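S.K.: Dock chain one against chain two, each of which comes alone in its own frame, and use the hints as you go.
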Amino acid sequence: MSVYQVGLIIQVCITVMTVVAIFAMTGLAGMFSMGQAAYMAIGAYVTFVLSKTLQIPFYLTGIFAILLSIFLAWLIAVPTLKLRRDYFAFITVGFSRMVGALILYFEDYTRGAIGFTKIPRVDGLLWLSLGSLVLFIFWIRNLKYSRFGRMAIALKNDEIAARSFGIDVYHLKIKIYVLASAIASFAGILMAMRNRVITPDSFSWKMSTEMQIFLFFGGTNSLTGAILSAAGLRMIPEFVRNVNLFGVSMQEYRMIAYALLITLVLSFRPQGLLGEKELNFRWVGKLLERIKNNTVTGKESND
Amino acid sequence: MTDVILKTIGLSKAFGGVCAVQDFSVELWPGTIRGIIGPNGAGKTTIFNILSRIYDEDEGSIELDGQDVTSKSQIEVARMGLSRTFQNTRLFKGLNVLDNVKVALDHDGKYSMFSALFKLPFRNKQERLIEEKAMSCLKLLNLDEYADRAPSNLSYGYQRRVEIARGLANDPKVLMLDEPAAGLNPEETVMLMAFIKDIQEKYPDLAILVIEHRMELIMNLSDHIYVQDSGITIAEGTPAEIQNNPRVLAAYLGEED
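Respectively, the protein sequence lines represent chains A and B. Each residue of the first sequence is one higher than the one before, starting from 7 at the first, in the working numbering. Each residue of the second sequence is one higher than the one before, starting from 7 at the first, in the working numbering.
In isolation and in its complexed conformation, chain B is listed as follows (with noise of 0.2 Å):
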């Protein structure tokens, strides 16, 4: 089996006295799909924060890809290949969908400013490297017909996509859906889930880690879930096994009297 990708032991982060995760551990390994479920509050995002270093955890650590990365700044850990992707979709607007896979791709752009300025030949031909890469994403996805389209003049469903599909677009090691179908209707969730299952198929070295607090979309994509509550793990293992669990029962439908 290959390597463990991502690998947390004991992760912890409080808010005030509020204590929003505590002693989270996670494994992820390339070409699996693990899901984080657990009600609002649960705790869920900060997870996600944590990991892709928007915040400080205050207690655990962190490796990826067999590095230590607690000490590292959340542009580090994407340089070093964790994408992510936002609860509401940010999409760079004032940017059609090409150009916003494009920014994915940017901060490894080896021209300089100077040549920018003065758009040398050097200039132009990593700029062709950039929108071939870019394009490549897009047509894998089958998104490419929708380059030219400003982000706001696609369906929620789409932009959704476009936003995967830039997070995708660098080729990272670990990509991290928060909530991808949040705001989504019935339709799009299918939909999504069609997608997702292919991403799978078409970046097999791909470790992706989802949130949902929607228990059917979670079963149905991952191979292993960690169920949240108030900041605490109260169960993991296989979709079958969770749905099983009484106390996952009791969290999610709430205990009977």
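So that you can see chain A by itself, here it is in the shape it has in the complex (with noise of 0.2 Å):
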């Protein structure tokens, strides 16, 4: 595989898991945040310029970025949560420009707008990529069809119904909010890892509200839906990124191509390409048995 296609892969196994963090997040438990990458940003920063500065192992500060993103969470969680959703989503929005700007406010650390370059070169980036990406689908796919999962499509649907079931609302909505910034924080050290170079434009809100829309694409309520919206659509650019229209790459207008096809979706499936679908393997057992079934009929009618 050439250099570019390794590249390519890991980028969509970070998309990928950033998507399904926020499908745990916005897909079972109704929190809408516009800051996730807010998260990445954290964890990127933090574990890159902590590393430099301080002369230690970037995996040691790489678990301190993903605790302090936790710890990030949790605080802006406890107060805001209890609020009602539309306001928690615009505490995200300023939490994610607070993060920008702190980026740019320790310049001395962070070298500002310029970039921050200082990111040693990692071996075996797509294996790890690869192998965390399964292990955190597998996590919210568990999530999913746990009591958990059913607690919080109940919230999710109705908080008052959901609390008269003795469900903890509040305090599951924490957890969850939590789970999906720690995902994000360490895909965002991935992403710097693949990048070499991160800038505080790399984690603004356009990658943000990106996220959203390849979950709302594929369907909230569906987390496959969720993986193949999100690894598709941040494939198609790529196809496309050596035609050019007025002068500049196809690939420049993949913004503009988002919000149409999202605001196609929207009016015309809001529910998302795949709904409720999941993809599992029933169909494989039923055809077993069905194999099974004629090969029996098979022998009687030897007979």
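I should point out that these hints are in silico values taken from the structure, not numbers from a laboratory. The structure displayed is predicted, hence computed values, not measured ones. Backbone N, C-alpha and C define an ideal beta-carbon position, used for all residues, glycine too. Watch out, some of these pointers could steer you wrong.
Unchecked claim - Not everything, but these chain A residues come out facing chain B in the computed CB check (under 8 Å): (1) 88; (2) 130; (3) 133; (4) 145; (5) 152; (6) 153; (7) 156; (8) 159; (9) 163; (10) 170; (11) 173; (12) 227.
As the list claims (entries may be wrong) - Within a straight-line C-alpha distance of at most 20 Å, the following computed PhoX-like cross-link-like pairs (lysine-lysine) qualify: (13) B:78 x A:88; (14) B:203 x B:179; (15) A:181 x B:179; (16) B:99 x A:283; (17) B:139 x B:116; (18) B:125 x A:181.
M.R.: So, in structure tokens, the structure goes:
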């Protein structure tokens, strides 16, 4: 595989894992956050700036960065998840702007808008990305089919009804938000390792919006949909990068294309491309059973 | 006689200047069905919302199973065994019938989020227990054949029954039904009444409180009826007593000039 292909696969993995995390938050628990890119920024900046400044290995600072993201997510969630959903979304926007501003403010360490480039080369990044992606998909799938997933779907539908079944809506939301933010933070570290340069712009609101679009395109109720749409929508622009339109690479138009797509999907198929469908392997079992039955009946007819 | 399970004294609640409920007192014993009737705007649902702690009362006291619950939250009283349905069916979309019933048991699930994420054996064992309990509840009420269906694919009458079954899954002490027959056609209403009678037989220790504004329905179901009008209890007693009460007739049929 060429370096470009490996890079693309890693990028797709990163996108899919962030969208999978957002699925847990928005798809299951109905929390609409526009600031998940901020946790990616925290993961990326804290890991590598700290590693460079303090001269300690980045996997130690990486763990610290994820713990810091968990702490910050908890800190933000505690006062704001008592508010109504729309207010919560506003506050996440504010948080993401704040993180961007802080990166610029600590210019001496982060090199501000120029971008931080002192990121070591890491071998086996492809396998790390693939492995962690599989782990996160496994996690979130299990979450969906656990009591936590059911309670989350219940509270997304109707918080008052959920409470009337003794569900502690507030603490469940905090837990899921913190989990989603920790995964985003990890994805941010991977992204820094892939790009080897990070700027505040690489984690802007555009990225948070993009992730939400990917989720809604695939269907907020379908993990399979979220994965497929994130992978698909991330890769399609890559195929047209060499095609020029008005003297600019077609890839540059992707935000316009996404905006159009999501408008179309939400108008004509509001439940997203896959609705509530999930990929499962029950049909394999059914197929085997049918083959078995066929052979049995086949034998009988031979008799 | 067994002890009273739910008891309120002098419950009052006003919204702005409007008095929604005034001086409401109710007593409920295990194994009985009591009804609250009254025209629209009589404060019936407000009473339910106060009892289930969605609203705080302005005055009065509520005792559930011998414990004062006025300072408890909605979640706490639900966990103490106060179950309710809502006027509009509130089955959870995106969950099938069985999962909807499981939700009622999930707050009490024993496994942590960690074992859920990694799908540990302990989680699988607990999940099987939840499934068994939910399924036995559906079987008891003859709804098990719909376990895999999406609630939106069921008829309105069956949605109502599933919702009531869900309210019973966690073996509550009190079940409050908010206009269970609202929106049902006459045939479905008859079936629903048989269903509630059936519940009374199968859950002998359950106390049921029903809100209804259709007279004939509540007369057949309840042992004892409270009549509300503009927030005030204008009469209470057995169905026969209520039927002949002049104040009730006035409130329902309008006074003759």
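S.K.: Now look at each hint and say whether the structure bears it out.
M.R.: Hints, one by one, checked against the model:
| no. | hint | verdict |
| --- | --- | --- |
| 1 | 88 | violated, 13 Å |
| 2 | 130 | violated, 24 Å |
| 3 | 133 | violated, 21 Å |
| 4 | 145 | holds, 4 Å |
| 5 | 152 | holds, 4 Å |
| 6 | 153 | holds, 4 Å |
| 7 | 156 | holds, 5 Å |
| 8 | 159 | holds, 5 Å |
| 9 | 163 | holds, 4 Å |
| 10 | 170 | holds, 5 Å |
| 11 | 173 | holds, 5 Å |
| 12 | 227 | holds, 5 Å |
| 13 | B:78 x A:88 | holds, 18 Å |
| 14 | B:203 x B:179 | holds, 16 Å |
| 15 | A:181 x B:179 | violated, 30 Å |
| 16 | B:99 x A:283 | holds, 13 Å |
| 17 | B:139 x B:116 | holds, 14 Å |
| 18 | B:125 x A:181 | holds, 17 Å |
Hints 1, 2, 3, 15 from the earlier list are contradicted by this structure; the remaining hints agree with it.
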